[in-house]
Amino acid sequence: MTEPEPVVELTGITKRFPGVVANSDVHLTVRAGEVHAVCGENGAGKSTLMKILYGMQQPDEGTISVGGEVVELRNPQDAIKAGIGMVHQHFMLADNLTVRENVLLGAEGLYGMGRKARAKLAELSDRTGLHVDPDTLVENLGVADRQRVEIVKVLFRGARIVILDEPTAVLVPQEVDALFETVRSMQADGYTFLFISHKLDEVRAIADEVTVIRRGTTVGTVDPKEVTSRQLAEMMVGSELPSPETRESTVTDRPVLRVSELRLDADDGDRSVLDDVSLTVRAGEIVGIAGVEGNGQTELVETVMGMRKASAGTVELASSGGELRDITRLGTLARREAGIGYIAEDRHRHGLLLRQPLWSNRILGYQTREPVSSGRLINPAAARQDTERVVEEYDVRTPGVEVLAGALSGGNQQKLIVGRELSGEPVLLIAAHPTRGVDVGAQALIWEQMRAARHNGLAVLLVSADLDELIGLSDTIRVMLRGRLVSEADPATVTPTELGSAMTGAGEEAA
Amino acid sequence: MSTVMEKPDPTVTTSKRRLPGWARGALWAVVAIGVLSTASYLTDMPILTSSDTSQTALRLGLPILLAAIGGLWAERAGVMNIGLEGMMILGTWGSAWGAYYGGVWVGLAAGILFGLLGGLLHAVAVVTFNVNHIVSGVAINLLGLGVAQYLATLVFEPISGNPRESPPVAKFDTYSATFLSDWLGALEDEQRVVLSDVAGLLRGLVTHVSPLAMIALLLVPASYFILWRTRFGLRLRSCGESPVAAESLGVNVYLHKYIAVAASGGFAGMGGASLVLLEGGADYLENQVNGRGYIGLAAMIFGNYRPSGLLGGAALFGYADGLQLSGGGAAVLALCYGAVLLLAIIVVLQLIRRHWWAAAGGVAGAAVLYWIYWTNDELPSDLIPYTPHFVTIIVLAVAAQRLRVPKAIGQQYRRGEDT
Amino acid sequence: GCAKDSGGDGNQAAGDGGGGEPGSCVTNEAPAAPENSKKEQTTEHGDIDAGDLKIGLAFDVGGRGDASFNDAAAAGVDRAVEEFGAEKGNESPAAGSESEAAKEQRLRQMAEQGNNPIIAVGFAYAEAVRKVAPQYPDTEFALVDDNSVDAKNVTPLVFAEEEGSFLAGVAAAYKTSECQVGFVGGVQTPLIKKFQAGFEQGVKAAGGDNIEVKSEYLTPAGDISGFNDPAKANVKSKSMISQGSDVLFHAAGASGQGVFEAAATNDALAIGVDSDQYKQKTLADVKDVIVTSMLKKVDVAVFDYIAAVAEGDPGDLPERFDLSVDGVGYSKSNPAIEDVTEELEGYKKAIVDGDIEVSDTPQG
Amino acid sequence: MINWRTALLPPALAIVFAMLLSSVALLISGANPLEAFATMGAQLFHGNTAVSTVNLAIVYYLAGLAAAVGFQMNVFNIGVEGQYRFAAVVAAIVGGWMQLPPVLHVIAILVVAVASGALYALLPALLKVYRGVSEVITTIMLNSIVFGIVAFLINPEQFGVLHGNNLSTEEIAPSGRIPGIPLGEAGTLFGFVVIAVALGYGYWFMLNRTRFGFELKASGESKTAAAAGGVSAKKMTLAAMLISGGVAGLVAMPELLGRDYVYAMTATQGYGFTGLAVALLGRNHPAGIAFGALLWAFLDRSAVSLESIGIPSEIATIMQGTIVLSVVVAYEIVRRADLAAEQRRVGRAGNGRPASVAEGGAV
Ligand SMILES: Nc1ncnc2c1ncn2[C@@H]1O[C@H](COP(=O)(O)OP(=O)(O)OP(=O)(O)O)[C@@H](O)[C@H]1O
Ligand SMILES: Nc1ncnc2c1ncn2[C@@H]1O[C@H](COP(=O)(O)OP(=O)(O)OP(=O)(O)O)[C@@H](O)[C@H]1O
Ligand SMILES: [Mg+2]
Ligand SMILES: [Mg+2]
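Residue numbers (my numbering), protein chains in the order written: chain A, 1 to 511; chain B, 1 to 419; chain C, 1 to 364; chain D, 1 to 363.
Treat each hint with caution, since some may be false.
Stated by the list, open to error - For lysine-lysine, the following DSS-like pairs were computed, each having C-alpha atoms within a straight-line distance of at most 25 Å:
| no. | chain 1 | residue 1 | chain 2 | residue 2 |
| --- | --- | --- | --- | --- |
| 1 | B | Lys171 | C | Lys281 |
| 2 | C | Lys281 | C | Lys214 |
| 3 | D | Lys235 | A | Lys309 |
| 4 | B | Lys171 | D | Lys234 |
| 5 | D | Lys234 | A | Lys225 |
| 6 | C | Lys214 | C | Lys204 |
| 7 | D | Lys235 | B | Lys171 |
| 8 | B | Lys171 | C | Lys214 |
To be clear, the hints were calculated from the coordinates, so they are not data collected in a lab.
Keep in mind the model is a prediction, meaning the values are calculated, not measured.
Just chain A, same shape as in the assembly (with noise of 0.2 Å):
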């Protein structure tokens, strides 16, 4: 095989921030028609190399060459003239704009505005399998409909080398494996990818070279059919590859949390979005719910935490004496305190004041609990100091508690959120994708203190994208299809091609 040449290099890339320095003397080479994939810690500087290269930022140091030319990339539209293209880890749409607007906008010039670009992007869209009006606001999509959108975004400009900074994150297997089609597709046709995930089995699936980032800057460059996960995540961390596998069973029968009949009407009032949901999940088990985005999850556990009132059906959750008590009425402040502890799917909407310190994070949801809150009095000193001690055994990296909790990294964050639900010494936990876009490191830690919680009794419903760890960690999985439970499966036995054809609902017109 005749080496093709390379189409990008990065050359002793450079770039600070203040208080840190985000990349160090980064070297990339990309060949052309391969699919490079960038792997690292959270942190590590993958997104900003990226960026980096689409002209969204300017490298303190180093140089770039695209297809053998130095180039200067002062901004997008420069990388965009020079064919690159970039899908972004945080989605860069406009909500209030449509699916045809988000796409033309800033290459209206390419195939003006009219039938011609309507055809353009009808071909992409097909291509992509984006089968929604181009005329519905972006806002009404779901995650992986976004994501198509931001693929047929780079297409559509004509970009030959393309981007993709954790497009998985967020998908289903079904929709991964769908994504890898095209992007296997698009390949064949002489495209070029850099490709960055968290998920090692999907990089060795689809790339042809990956380059490990360590630390802001280039640990090497592997051929993955030659490495295990085990091996590309200790060149990453120098630590094992964890796993999330539960071994005994510490399940048992008293019951924690049990819903029954839980409908909820959708906000127009003329459908269902949770349909005679009923479960029950008992001490020291965890009950996963598997599901393709948007069948309902995210609204039985907004039910059950109290932001959507129930149209129908009871939450009743076990006080501290054992027995189960109707929660139904009341709030989510009074759930929280009644022992809930809530993981939100979103940390950056739901978790996080992303412009507050720390610590004052430490307090939301808990600011009427010791030892940050006396009731009506917050206590700064102490939230200090008890976010110092979260800092301290969930690991999370950062300088200090006073530091803007937007300015952590994901995984991070998604750590300092683990640990403030697990303070507040919980009966339950309901931890909607605990461990999203957060790197092999931190998905081991929060997988720990979770089995470590679920140890001393702690009931946890856990709803998750990533099947291996539904599988891995849950005790018993209910399967969600467009708003009722229809399905259950032993996690001890199912695979997770079985369980993604149960969830997209091929198992239920079979029988």
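Use these hints to put chains B, C and D with the ligands onto chain A, whose structure you have.
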């Protein structure tokens, strides 16, 4: 700190079928005219739908409309513009100055130019220096006032002998569609229910219309077209929705914001010019803008950041203002009566939709209004001048709002610094 | 077809009910005019030397050049400077939304800088003068439009607005041919209500119940925008004209321009206020409709006051500048008023003689 | 955590910058900038200007606090203007009518003022929370409507009194007044200053020490995150609006109870709008707001002082606008300079080594 108005919760997805915007607007207009004509018939107050009323509505609503369009451009690009007032003031000075030396069209151009300069200043502060949008707006209101006074003393006083006023300046001629207007006039005089009312309202809009009014009215569809149908407009709006995304797609966010805010100032300046250059206007007169910039901003939000909506807001305000000025308390009472009718319709609708609470609220509101109508021959004269303000609040309270605020409004965006 | 509207054929003015000829609505005979109506009434001040006076002028909002009472006060000072050789001291106008303390500060500042006398224009200064005057007992203060301050060194300069407006009402009664006239007030303050009161009584005196008076205001007390909104005044006036009024008297400050323009485009007449608006430069376009103006001679009062201070006895001034001392009056610069001056002079004499008493609050 | 350089350098820069800009305007109009600045500075040492500046600043401070409470919760209470005027007229009427022993009388008036201010904010709050109507519109409308209400209430047919040509409410008896703090020649400081300082402290305490303040800030920053933490955005919006209105109710009280004792037709307007700018100038921090209020009051006073050397008030207005803009621009410039310096510092300290990443973010 960024001050953001109520953001719609995206988790609340309304998947319900809805009429397209223009159809709903038309429906509302039909309902409004129906209610007004019924009220005018039942209370024997032809002024509710006379051609004079619609003409004054147009005239009083015009500066507000232009200010609102100015607001629309800025806010769609993500920049809050509290400074509309100051930009309008600059516009009044500029247009008087231009018109004195070069006639109405030069006056209009100068008014736009002066407003535009105010807008540019706002842009420099807000876009380049990341100043809080409200602080900058308040400062521009101060500067607009101060600069206009300063220039008036410098330039106008030697001519007019009065530092607060300009000498008389040329005004726009007005035009009538004579044939149409006569025909409508005949219809109006026939006093036939609804038909005559519609004729009256329409006739006011085709007689004594100045080119400036026509331009202003055309700016509504033009703004829609530019902002929603062109590439420039798409880019501009993307800056108000997600500047980071826009930047990542190669849109020059700073440039678009600059253009939008400058245009915003230009429209506000035009609004100022409309105070000066229309027949019966004031020439330049200190303090003549008198809060219209703020009202324009309100009309724009009233219209949910949309051209057609803000036209409705400005028209409503102008209509109610004209009505209270020419009809006084009696006309306002008749309007109350109209509101009762409107509420009755809404209550029926809510009952059909089984929204019991909303219906009950409607009944209560209608009862209060009817009680006011029934027990008063004259409303307290001190409150009548504020009829348009009351009407605005009542309409909003009844219609409620699902505001679609540009997402990134008020955000202090810096290239390369996300979140 | 689309046609340009020519000048003044707008909305056909003033309905078509009512009378016809000017004067036809008048029912009551005017009192006899005095023999010698041309008598010069201004007091003679002989040779006063006011060289040691430095006159401070604290204006209300608007200031010099506002073509209203501020300007009139300034004119009085200018005349005193010219005739008595007084020194012109500081002058400054109030800002639109300035605080009470700013007014006090202004007066204090003037006193400290040696201004004496200090003339505060407008009743908004009442509180400030009440506070500051006692602190500078050697400085004389004059307060225009307010007599509620009781201090040795404060001289109120107040006017019988209702008497001047009465004559405006008489003029309106003679000029209307529709037997309906109107009053447009800017802001509904007690002061402006005096204009309304006098006007209504004047109309009644000449026309009895035959002439209807409509009085309307743009804004209520405290909302001074009514003095600055010609557009609204224009709309209001147009509607009054279309409802049948054909002579409008305004006391609406700068909004008056809107009244004049409404009159000009709709074949009606108007009466100005405060100063002779027929001669005002900014109104040159519409001056023909301004038959007369009710005059409030702040300039005369200020001038007389300065003379009195120079002579050492400001207490000597009239308690109120009314018709008898020519503190108020009407203008004759527009020839259109000539045919009724005889009657106006008759009413004026009757008021001066006390045969007619004019109330300063609106009746009914 | 106070960084004096970032706190104090910007205003200093701003003043220099604003002086330069204003000099241009002054020179064009033929005035001597040096003389103008000297006069502005000297006014503070003259008569009672310094004290009356502080007195005015107290009023602005209250307006600023009122606006800031709203900003904390992301509500744009542009209606401070209407709320304070409504409260002032109601409190003045009730205060003039009441007969109570000294301290009680004052307390009663203040309670009425707070309640009326909150009441006037209630409608926009309810409409916002239950009907989704933007508070910006409703409060702008209510700002105008208050003119009518004041005129109505102050009419002699209702509760007003006519003196001279002015209309006002009944005078409040001495028992209902707040005595000033006499400073001899320099004038009399409003006794209300004590309350204002207490209120500033209360504001700080509420935001930083109480659960309620925490919830307010949290909800203001992220409604969704706060909701997940058990904070109802509706409740917080209502509370913020009502508190903001309540504080606005106090805005006119220093003058009413400390100097005027009546609320008159000619009473000053516009404190509410100033309050918005003052709050943002001070970045919603109580000390910052105090600074903003003093600055603004100083500039207001300067307008009158400048008259004495023949500089027209519009120049003062222009200077005011310029200075306000300069202050905020200067903050930004200093911030950027700091950022760049920090970046350089990191570069030097780490010498290109990723040392700081270890403490910053990387695992
Ligand atoms: N705009 C910025 N300002 C300051 N620091 C930044 C900025 N962007 C990134 N950083 C810092 O640079 C470091 C590298 O961040 P980067 O986003 O490249 O990490 P990453 O490898 O993509 O992590 P993750 O896997 O969590 O996405 C982090 O420590 C982060 O705090
Ligand atoms: N203004 C900022 N100051 C400091 N660090 C920042 C800033 N903006 C972003 N960062 C850091 O840059 C890194 C990259 O941000 P990005 O949005 O790409 O991913 P992330 O927050 O790590 O996402 P995820 O939560 O999915 O892991 C993050 O670690 C974030 O903490
Ligand atoms: Mg990243
Ligand atoms: Mg991440």
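Earlier hints that do not hold, by number: As far as the earlier hints go, 2, 4, 5, 7 and 8 are violated by this structure, in ascending order.
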